[in-house]
Amino acid sequence: MPRLGNCLCLALSALLAGGCTTATHEGDVAASTAAALNASFVPAGQAGLDRLQQDDTQRWCTAAHGRPLPQDVAAKIESANLATIRYPADGHLTGDWRKGERIAQEGRGKQFSDDPSGPAGANCYACHRLSATELSFGTLGPSLYQYGKLRGNSVGVQRYTFGKIYNSEAFAACSNMPRFGYKAILSEQQIKDVTALLLDPASPVNQ
Amino acid sequence: MNVAHGLFALLALFVTPVALAQDATSDEIAKYRAELQKDNPAELWETRGEGIWQEKRGPRQVSLQRCDLGLGEGVVKGAYARLPRYFPDADRVQDLETRLLWCMVRLQGYTEAEARRQPFGDGNEHKSDLEALTAYVASQSRGSTMEVSLRHPKEVEAYRLGEALFFFRAGTHDFACATCHGEDGKRIRLQDLPNLTTAEGAAKAYTTWPAYRVSQGELRTFEWRLYDCFRQQRFPELVLGSDVAIALTMYLARNANGATFDAPGIKR
Numbered sequence: 005m006p007r008l009g010n011c012l013c014l015a016l017s018a019l020l021a022g023g024c025t026t027a028t029h030e031g032d033v034a035a036s037t038a039a040a041l042n043a044s045f046v047p048a049g050q051a052g053l054d055r056l057q058q059d060d061t062q063r064w065c066t067a068a069h070g071r072p073l074p075q076d077v078a079a080k081i082e083s084a085n086l087a088t089i090r091y092p093a094d095g096h097l098t099g100d101w102r103k104g105e106r107i108a109q110e111g112r113g114k115q116f117s118d119d120p121s122g123p124a125g126a127n128c129y130a131c132h133r134l135s136a137t138e139l140s141f142g143t144l145g146p147s148l149y150q151y152g153k154l155r156g157n158s159v160g161v162q163r164y165t166f167g168k169i170y171n172s173e174a175f176a177a178c179s180n181m182p183r184f185g186y187k188a189i190l191s192e193q194q195i196k197d198v199t200a201l202l203l204d205p206a207s208p209v210n211q
Numbered sequence: 004m005n006v007a008h009g010l011f012a013l014l015a016l017f018v019t020p021v022a023l024a025q026d027a028t029s030d031e032i033a034k035y036r037a038e039l040q041k042d043n044p045a046e047l048w049e050t051r052g053e054g055i056w057q058e059k060r061g062p063r064q065v066s067l068q069r070c071d072l073g074l075g076e077g078v079v080k081g082a083y084a085r086l087p088r089y090f091p092d093a094d095r096v097q098d099l100e101t102r103l104l105w106c107m108v109r110l111q112g113y114t115e116a117e118a119r120r121q122p123f124g125d126g127n128e129h130k131s132d133l134e135a136l137t138a139y140v141a142s143q144s145r146g147s148t149m150e151v152s153l154r155h156p157k158e159v160e161a162y163r164l165g166e167a168l169f170f171f172r173a174g175t176h177d178f179a180c181a182t183c184h185g186e187d188g189k190r191i192r193l194q195d196l197p198n199l200t201t202a203e204g205a206a207k208a209y210t211t212w213p214a215y216r217v218s219q220g221e222l223r224t225f226e227w228r229l230y231d232c233f234r235q236q237r238f239p240e241l242v243l244g245s246d247v248a249i250a251l252t253m254y255l256a257r258n259a260n261g262a263t264f265d266a267p268g269i270k271r
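Here the protein sequences come in this chain order: Y and L.
Residues are numbered in the working numbering as their position in the first sequence, beginning at 1, plus a constant of 4.
Residues are numbered in the working numbering as their position in the second sequence, beginning at 1, plus a constant of 3.
Everything labelled a hint here was simulated from the structure, so no lab data went into it.
Possibly wrong hints are sitting among the right ones.
To be verified - A short, non-exhaustive set of chain Y residues, derived as facing chain L with CB atoms under 7 Å:
1) T37
2) A40
3) F45
4) V46
5) A48
6) Q62
7) C65
8) T66
9) F116
10) L144
11) P182
Given the structure is predicted, the values throughout are model-derived calculations rather than measurements.
No residue lacks a Cβ here, since even glycine has one placed at the ideal position from N, Cα and C.
Go ahead and model the full structure; you've got the sequences and the hints to work with.
Here it is in structure tokens:
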């Protein structure tokens, strides 16, 4: 009964002269936001209007408005995303760090202006420092310089690293980092190559 | 060795070489921008826009001097610093670009499709009239104090929608505006990112658009800025003058209230 919910919410907020924070009100904001979005975008290139449809993780993280998450919500997001990770059937978690470096430098992919037939990049340098030689790096994410040198190259570390790239939300709810495997931005082989960039002792990351 | 140099040497002891190299690069970019500002090509768009504003155009051969940007028919001075706002004749909150389209259709008699024919220049010989008009009108608010109203309920509604949209995560990459613009002191590659949730950050960003983009050889409007942010967010294409475009403009313009408007600016 959304109508009744509305009336009650309005009446209460008038009485209390404060913001209305009931679930119904949040639902109304989400509904009007969704309506405005659907009327304000047109499909272009590979980006259809389906991209405006949120999944549960996106909905929960939007509701947080950048504030710290309640612990139960964070746990719910992490366990739901952990269940999506598909580790390689061949058991090999790392690939070629040279290819990984190219993927880390490449920013194209999934934009409506991009050619959908080519592979997407991961654009790691947009947000992370990785090697000592590339000075054009962003700071939205932590420095990953010497990532492998500090952690070693055990199967456990490989598994965590592959999984983190595959679905970052499994380990840090509402992380700013895209879910490269779960959202099919990168292929399994590309994730192996980026894992190698981070862990291979010969990679520029570990010099 | 003067005091500044001494301080620098002292600081250098605590700063890693990579941070120093980066700061040096950032400083060089800042100097480059300051040099460009002295002779901003945006003036070419402002002059052309003023001509288009005054010219009798369209099927009805009427000049935009009959267009009301919120301060009365033909009043341009200070208008941009008070937009977006609610317009009773349109019964809608409009930003400048939307209002210009409205006047081109209602006053000059263009069809909606004709008015929207070229919202953005192509970086070559196909220039946009809308970008030129926006440059001219915005230039007439240079030095004005940002004063965006939230008196009308539809203005409040637009602001709230803009705020909700700012945090809206979706698409292949889970990006929201807040992903890049929600914290102080962050960079993407070497580009500094303003924190648009603070008055200071919103003011710094909003008061410097429209701007001449050196890399594109075009003057770009604030609606273009939003359009291109959404492209990078991996969203579909933002419609010019849509509720989302106006609401986000409202959110940022209002957050910049009290700041001095200083555009058209110049960007890399």
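Taking the hints in turn, this is what the structure says about them:
1. Checking Y/T37 against chain L: minimum C-beta separation of about 5 Å stays under 7 Å; hint holds.
2. Because the beta carbon of Y/A40 sits about 4 Å from the nearest beta carbon in chain L, less than 7 Å, this interface hint is met.
3. The closest approach between the C-beta of Y/F45 and any C-beta of chain L is roughly 4 Å, which is under the 7 Å cut-off, so the hint is satisfied.
4. At a threshold of 7 Å, the smallest CB-CB gap from Y/V46 to chain L is about 5 Å, leaving the interface hint in force.
5. Among the interface hints, the one on Y/A48 holds; its C-beta lies about 4 Å from the nearest C-beta in chain L, closer than the 7 Å criterion.
6. With a least beta-carbon distance of about 4 Å to chain L, the hint placing Y/Q62 at the interface is held under the 7 Å criterion.
7. A least Cβ separation of about 5 Å between Y/C65 and chain L falls short of the 7 Å threshold, and the interface hint therefore holds.
8. For the restraint placing Y/T66 at the interface with chain L, the shortest Cβ-Cβ distance is roughly 5 Å, inside the 7 Å limit, so the hint holds.
9. Among the interface hints, the one on Y/F116 holds; its C-beta lies about 6 Å from the nearest C-beta in chain L, closer than the 7 Å criterion.
10. For Y/L144, the interface hint holds, the least distance from its beta-carbon to any beta-carbon of chain L being 5 Å, beneath 7 Å.
11. Using the Cβ-Cβ criterion of 7 Å, the hint placing Y/P182 at the interface with chain L is satisfied: the shortest such distance is roughly 4 Å.
The structure fails none of the hints (numbered hints given earlier).
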